[in-house]
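If you read the protein sequences in the order shown, they are chains A and B. Counting in the working numbering, the first sequence tops out at residue 468, every number present. Counting in the working numbering, the second sequence tops out at residue 468, every number present.
Identical copies carry no separate label here, and so any pair may be met within one copy or between two of them.
In the SDA-like style, the derived pairs of lysine to any residue whose C-alpha atoms are separated by at most 20 angstroms in a straight line are:
hint : residue 1 : residue 2
1    : K363      : N34
2    : K292      : G223
3    : K347      : S201
4    : K110      : D36
5    : K244      : E364
6    : K26       : F376
7    : K26       : C365
8    : K385      : S458
9    : K209      : T303
10   : K247      : N316
11   : K140      : D181
12   : K132      : T180
13   : K104      : Q35
14   : K26       : P375
15   : K385      : Q463
16   : K244      : C343
17   : K140      : T180
18   : K132      : Q463
Derived by calculation from the structure, the hints in this document are not laboratory data. Given the structure is predicted, the values throughout are model-derived calculations rather than measurements.
Number of protein chains: 2
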Amino acid sequence: MVVVTLSSLLSTCDAYKYKTYFYQQKVDHFSFANQDNFIQRYLISDEHWDRRGGPIFFYAGNEGDITLFAENTGFVWDIAPEFNALVVFGEHRYYGVSLPYGNKSFSEPKYSGYLTSEQALADYVDILTYLKSAIRGAQKSPVITFGGSYGGMLAAWFRIKYPHVVQGAIAASAPILQFTDLTPCDKFGQVVTADFASASSECAEVIRKSWAAINSVTSSVEGKAWLSNAWKLCQPMRTEEDVKTLKDYLTNVWTNLAMADYPYPANFLAPLPANPVKVVCSQLTASGHPPKTLLEELFAGLTVYFNFTGQAKCLNPDQQADVRLDDKGWDFQACTEMVMPFCYDGKQDLFEPAPWDLQQYAKECNRKFGVQPRPFMAQYMYGGKLINAASNIVFSNGLLDPWSTGGVMWNVSSSVVSVIIPEGAHHLDLRGADPADPPSVLKARRLEKAFITSWIRSYWEEQQQQQE
Amino acid sequence: MVVVTLSSLLSTCDAYKYKTYFYQQKVDHFSFANQDNFIQRYLISDEHWDRRGGPIFFYAGNEGDITLFAENTGFVWDIAPEFNALVVFGEHRYYGVSLPYGNKSFSEPKYSGYLTSEQALADYVDILTYLKSAIRGAQKSPVITFGGSYGGMLAAWFRIKYPHVVQGAIAASAPILQFTDLTPCDKFGQVVTADFASASSECAEVIRKSWAAINSVTSSVEGKAWLSNAWKLCQPMRTEEDVKTLKDYLTNVWTNLAMADYPYPANFLAPLPANPVKVVCSQLTASGHPPKTLLEELFAGLTVYFNFTGQAKCLNPDQQADVRLDDKGWDFQACTEMVMPFCYDGKQDLFEPAPWDLQQYAKECNRKFGVQPRPFMAQYMYGGKLINAASNIVFSNGLLDPWSTGGVMWNVSSSVVSVIIPEGAHHLDLRGADPADPPSVLKARRLEKAFITSWIRSYWEEQQQQQE
Chain A
1 MVVVTLSSLL STCDAYKYKT YFYQQKVDHF SFANQDNFIQ RYLISDEHWD RRGGPIFFYA
61 GNEGDITLFA ENTGFVWDIA PEFNALVVFG EHRYYGVSLP YGNKSFSEPK YSGYLTSEQA
121 LADYVDILTY LKSAIRGAQK SPVITFGGSY GGMLAAWFRI KYPHVVQGAI AASAPILQFT
181 DLTPCDKFGQ VVTADFASAS SECAEVIRKS WAAINSVTSS VEGKAWLSNA WKLCQPMRTE
241 EDVKTLKDYL TNVWTNLAMA DYPYPANFLA PLPANPVKVV CSQLTASGHP PKTLLEELFA
301 GLTVYFNFTG QAKCLNPDQQ ADVRLDDKGW DFQACTEMVM PFCYDGKQDL FEPAPWDLQQ
361 YAKECNRKFG VQPRPFMAQY MYGGKLINAA SNIVFSNGLL DPWSTGGVMW NVSSSVVSVI
421 IPEGAHHLDL RGADPADPPS VLKARRLEKA FITSWIRSYW EEQQQQQE
Chain B
1 MVVVTLSSLL STCDAYKYKT YFYQQKVDHF SFANQDNFIQ RYLISDEHWD RRGGPIFFYA
61 GNEGDITLFA ENTGFVWDIA PEFNALVVFG EHRYYGVSLP YGNKSFSEPK YSGYLTSEQA
121 LADYVDILTY LKSAIRGAQK SPVITFGGSY GGMLAAWFRI KYPHVVQGAI AASAPILQFT
181 DLTPCDKFGQ VVTADFASAS SECAEVIRKS WAAINSVTSS VEGKAWLSNA WKLCQPMRTE
241 EDVKTLKDYL TNVWTNLAMA DYPYPANFLA PLPANPVKVV CSQLTASGHP PKTLLEELFA
301 GLTVYFNFTG QAKCLNPDQQ ADVRLDDKGW DFQACTEMVM PFCYDGKQDL FEPAPWDLQQ
361 YAKECNRKFG VQPRPFMAQY MYGGKLINAA SNIVFSNGLL DPWSTGGVMW NVSSSVVSVI
421 IPEGAHHLDL RGADPADPPS VLKARRLEKA FITSWIRSYW EEQQQQQE
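Next up, chain A with everything else stripped away, as it sits in the complex:
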């Protein structure tokens, strides 16, 4: 039985002290048709900063409020003192408070259309160039960029595209290959499934059977009412659309649990106990039960995810994760550049079978946002698997993490390397040190620190040579 209080989490958050700044940023870095500006947020801590050329550690903010990432990237805070680093967290455009067009930002493509990874990276170039000119002692500082998940993709791409701005990148759980023709669409669900199956033999089976149970129970008005009540839904289900929303929510819950399967309590996607998959699976033991009983049992497991704090009064399927991870922004990105094919067969995975249908997907995107997806955009821009001309990138991946299927899992060259953490969930290595950390993540962090040290040393050696 896992007992945890939230106080330890909160005090950890308080431990990271930073100041908040704002930068007047260009809406469009690549063209002159739109010459608007907007206000972009970034966070700075100079607590351990050595003004005589200490490095800059830059977190390439991803799809959410930047304070969320500042609080969940303890590794950067942990190592800043020994590197005497200035710590900067940049907020990704269209997330948190960095909305180029305020409330209108997602209203139509003329406003939403500038939400792309290319524009985000160009934002970070401008912010860093500005900081280096504005902060005394930072002019020549080497910059190391960090990021997890989409932030890890950005970190890797930042080094690939702007090696004159960042000297190296720690790209944690960065699925830069989770795109069309690069990774089979069924691999992701299979890793989620393996995580649950390894917790208990019955667990994955209960979840796999739940889809049919939901479909049969909710096929009647009474059934919808029953399940709404049994699962304490905030709004009772009335339509097939509501049922679909609930199933989408569940798909996300099982995925998020696998991603956040950390060996200690954490509050990333949601407040969760240590080893949450094991905790959930301890509730899911009898796959042979009739539908309603099975769904009641499933709810016990579900409760671990949506109400670990005991504060939730009801289950809201519209709220998949931490509110600070903005669904709207990511939905738009997934409909434009970040088109990541997923498919499930319900046999090799525990999800409801669903093929990947790009045509249907594109139609839906056009309906929702007025945009046509560009499934090959990221590949054309950043190279897909063809990154052997790059340098100074660590790609770390945990094998519990379903996103590892889209990660770089081989050494591309002597300076673009893969670090694998067998016991790791989603970017565990970027989190703060914890007594429950498995040895493999300690080793990964040691390696990452060694690479950072060598990148900084090479940088100063080059500076030296240029002056001679």
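Fit chain B to the given chain A structure using the hints.
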């Protein structure tokens, strides 16, 4: 005395046979606010193409009609047979017939604003990716990119930004450092001056004195009429604005002569004799003459530039070079991303003194095009001098070429190298072989071919390794 007929030039042009194709291209590769398409032209020759993996030689089209570059890049045509290469010339957006918004393309920023080097390179990524998928046998072909002048900048930046698309770049006379804070603004004019001074001691002096002579002669209505008549201007000068236009034209003429100072007759910026600076200077011998006599003498030199063919009925100062080099497009680029500071003092150079005044420049740009220049855009995007993370680029520069002052004139690394051609004018090495070629350009071309060979070999070795 130089005697030349144009027929040899024309037959050379005819010698390059290609087919013309069109590609449906995105207007904006980096955002989704504008999802328009346009039709882009490219030229292909498969005459020497080996379908079993022969390389693709891609000329990164620059500021003009692509046929002009196809006709003036003989080096690519000369070496295609021995490499069994497919030759492709891509037309730069907003030039030639590749106008995204037809007649409206330059009417306002919402149409003109997509004319940037970043968009142009992304165009070339799409075209090459399409060609590799569409042309049988090209799927795995290595791509070598070529370019001269701004095209050379594009070639270098193409390799820097998209090493997964192009395996190497021959960047001829590519002034990637001709930007704010990277190259002093007065160097360019000094090289032009040195070219004229080395032809004859009096020559540079005649030109240097001509500005005061023009100013004094045109200060009266009669003087304007006299000079209009003496110089056979198509439209007589009436205003100070007309005088300024004439002086701007002259500044360009002297610059163009230095750039096109080839050892044989050529038709690049204008039809010119061999060693045109020497030919012009043979007319400019007496700097001690009174203003009107000096201007009459200057006109004899000028005639070499604007009327070498004997076909011109009058001098049109609005037409600075070959009509296929589109001034409007480049004016826009110079007002947005390609902000290249030039300044003259009339002492160390032969031009009328003119400081570099960014504020005034920006004001003028805003008036003309409704845009604000971004003087650091190219530097932020491509790194300026900080290109040591790049690979497989040859930067060639001729020392007669004023653009060499903004070129990469040192070996950045073992694979980003500088090739200097002491007797070379503007991208002489990219031109077709000629009996009058100096040994230094033959050596440069041999080196470039050796690098191309090694890039292709490395590429196939990597392919081999990936299959093992």
